[in-house]
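**Student:** Starting from the known structure of chain A, arrange chain B on it as the hints suggest.
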Amino acid sequence: MIPTPKTSGPQTCAYHADRPAHALCVTCRKPLCRGCATPWEGIFLCAPCLAARRTAAERRGSFWGWLKLALGIAAAAALAVFLGAWVSGLLAELLAGIGS
Amino acid sequence: MRDRLGLGELLDRAANLVAHELPERTALCVLAVLPWRLLQVWWAHRLIEISSTATQHGGYLISLSLWTVAALPLAFWGRAQLARGCSIALSGEDASLSRSRFGLPWRAYSIGLYAAMVAAALYPAIGWLIFTVPFVTLYSGLAAASAPYQEKPGLVAPLATAAHGFGSPRLLAGLWFTAGIGVLVAAIQLLVMFQLGLTAVQTMFGLSDVWWEQMLSLDNRLYVLLILAGACLAVEPFWIAGLSIIVQRGRARASGDDLAGWIAELAEADEAARAEAENAA
Numbered sequence: 108m109i110p111t112p113k114t115s116g117p118q119t120c121a122y123h124a125d126r127p128a129h130a131l132c133v134t135c136r137k138p139l140c141r142g143c144a145t146p147w148e149g150i151f152l153c154a155p156c157l158a159a160r161r162t163a164a165e166r167r168g169s170f171w172g173w174l175k176l177a178l179g180i181a182a183a184a185a186l187a188v189f190l191g192a193w194v195s196g197l198l199a200e201l202l203a204g205i206g207s
Numbered sequence: 630m631r632d633r634l635g636l637g638e639l640l641d642r643a644a645n646l647v648a649h650e651l652p653e654r655t656a657l658c659v660l661a662v663l664p665w666r667l668l669q670v671w672w673a674h675r676l677i678e679i680s681s682t683a684t685q686h687g688g689y690l691i692s693l694s695l696w697t698v699a700a701l702p703l704a705f706w707g708r709a710q711l712a713r714g715c716s717i718a719l720s721g722e723d724a725s726l727s728r729s730r731f732g733l734p735w736r737a738y739s740i741g742l743y744a745a746m747v748a749a750a751l752y753p754a755i756g757w758l759i760f761t762v763p764f765v766t767l768y769s770g771l772a773a774a775s776a777p778y779q780e781k782p783g784l785v786a787p788l789a790t791a792a793h794g795f796g797s798p799r800l801l802a803g804l805w806f807t808a809g810i811g812v813l814v815a816a817i818q819l820l821v822m823f824q825l826g827l828t829a830v831q832t833m834f835g836l837s838d839v840w841w842e843q844m845l846s847l848d849n850r851l852y853v854l855l856i857l858a859g860a861c862l863a864v865e866p867f868w869i870a871g872l873s874i875i876v877q878r879g880r881a882r883a884s885g886d887d888l889a890g891w892i893a894e895l896a897e898a899d900e901a902a903r904a905e906a907e908n909a910a
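Keeping their order, the protein sequence lines are chains A and B.
Mapped onto this note's numbering, the consecutive letters of the first sequence carry residue numbers 108 to 207.
Mapped onto this note's numbering, the consecutive letters of the second sequence carry residue numbers 630 to 910.
Only chain A is shown next, with the shape it has when bound in the complex (with noise of 0.2 angstroms):
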């Protein structure tokens, strides 16, 4: 159930004012109609405030995703690294002992 913050006096809304205060934006502040109120996470926010939290979440998304992207090709490289030398060297002489 999402709380509908109440108001002290009749209000009208920030961005029509012929309707009628139905919540506030709880970042702004600006009360706003049944049509701009925007449930997000429990709580009502106008578009613009919707806007900026969701690109917030974007940029926080993506920073992670690319991390996550470098450290797995990171650890992939030093997996090819590591398993060059090693299984290669092994094999190599492996194949020189059977060859003498």
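Hints may contain errors.
Unchecked claim - Computed Cβ-Cβ distance ranges for the label pairs, DEER-style: (1) Ala883/B - Ala182/A: 24 to 32 angstroms; (2) Thr145/A - Trp757/B: 55 to 63 angstroms; (3) Ala124/A - Gly783/B: 49 to 57 angstroms.
To be verified - Some chain A residues well away from chain B (every beta-carbon gap over 10 angstroms; in silico): (4) Arg136; (5) Lys137; (6) Arg141; (7) Ala154; (8) Ala159; (9) Arg161; (10) Ser195.
In short, the hints are calculated from the structure, not lab data.
Predicted, not measured: the structure shown is a model, and the values here were computed from it.
Every residue gets a Cβ at the ideal spot worked out from N, C-alpha and C, and that includes glycine.
**Tutor:** Just chain B now, kept in the frame of chain A:
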């Protein structure tokens, strides 16, 4: 409607793509693979030289391996650019790529590089079983061929993108066989070319240089390895183009684009026939 792609058709389209449809500068991107191939040659040469005492040279082997792996990002960039050029040519867009469209997005490149690095680790891990080499080579090639389409990183992503493109195992076997024969033929041609060049120089200038004869002899291991690397480099664009065709076909099948295209063709033909009938009336 969803007819199977035959090996002959695939090879024809790949050859046509590389020879006629790819812009020269995209085709030249394959030269970015050269440093990686040369380092592989040097690595193999030194490994054979120290073979009997290889395990005593752990640090040296690691440094050789490190240099080879360090050259992979550039090599993969060349391969991925080639694949991107192929994908643009296959989509029927203007092949004369503008500067902005020439570049592969960084994210797609990184996702592809991740898969290519895993393939590089798979070569020593399971490549010694010999029969696994074609599979790892296929995976490595698909990592490049599917790079222009990747949005999310994943090790099965290159295979998943191409899965619908392989009509039958025979196509895959045929592609492997043709690539193997192609490398062999290219190696023989390179050998003959160098021998002819040496003979021509000796005949024309009356030189009898023993050093060059020794260098370009099949007894010289480094020369043989370089010839093999050159042959791989010559076949590489056709291999990537072939895999790009398979990936593009797989994507069209998975998304239903091929059926949509077919329906559009039918509708066009229907429209043309109707217009013709109206004109005749």
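**Student:** Now tell me if each hint is right for this structure.
**Tutor:** Do the hints match the structure? See the list:
1. A hinted range of 24 to 32 angstroms holds for the C-beta pair alanine 883/B and alanine 182/A, which are about 30 angstroms apart.
2. For the pair threonine 145/A and tryptophan 757/B, the supplied restraint of 55 to 63 angstroms holds, since their beta-carbon distance comes to about 59 angstroms.
3. Between alanine 124/A and glycine 783/B the beta carbon distance is about 51 angstroms. The supplied range of 49 to 57 angstroms therefore holds.
4. The beta carbon of arginine 136/A is kept farther than 10 angstroms from every beta carbon of chain B, the shortest such distance being approximately 38 angstroms.
5. The beta carbon of lysine 137/A is kept farther than 10 angstroms from every beta carbon of chain B, the shortest such distance being approximately 36 angstroms.
6. No Cβ of chain B comes within 10 angstroms of the Cβ of arginine 141/A; the nearest lies about 36 angstroms off, and the non-interface call holds.
7. With a closest Cβ-Cβ approach of about 27 angstroms to chain B, alanine 154/A is found to remain outside the 10 angstroms limit, as its non-interface label requires.
8. With a least beta-carbon separation of about 24 angstroms from chain B, alanine 159/A lies farther than 10 angstroms from that chain, consistent with its non-interface assignment.
9. A cut-off of 10 angstroms between C-beta atoms confirms that arginine 161/A is not in contact with chain B; the least separation is 19 angstroms.
10. Once the 10 angstroms rule is applied to beta carbons, serine 195/A is inconsistent with being away from chain B; the minimum gap is 6 angstroms.
Of the numbered hints stated above, the single one contradicted by the structure is hint 10.
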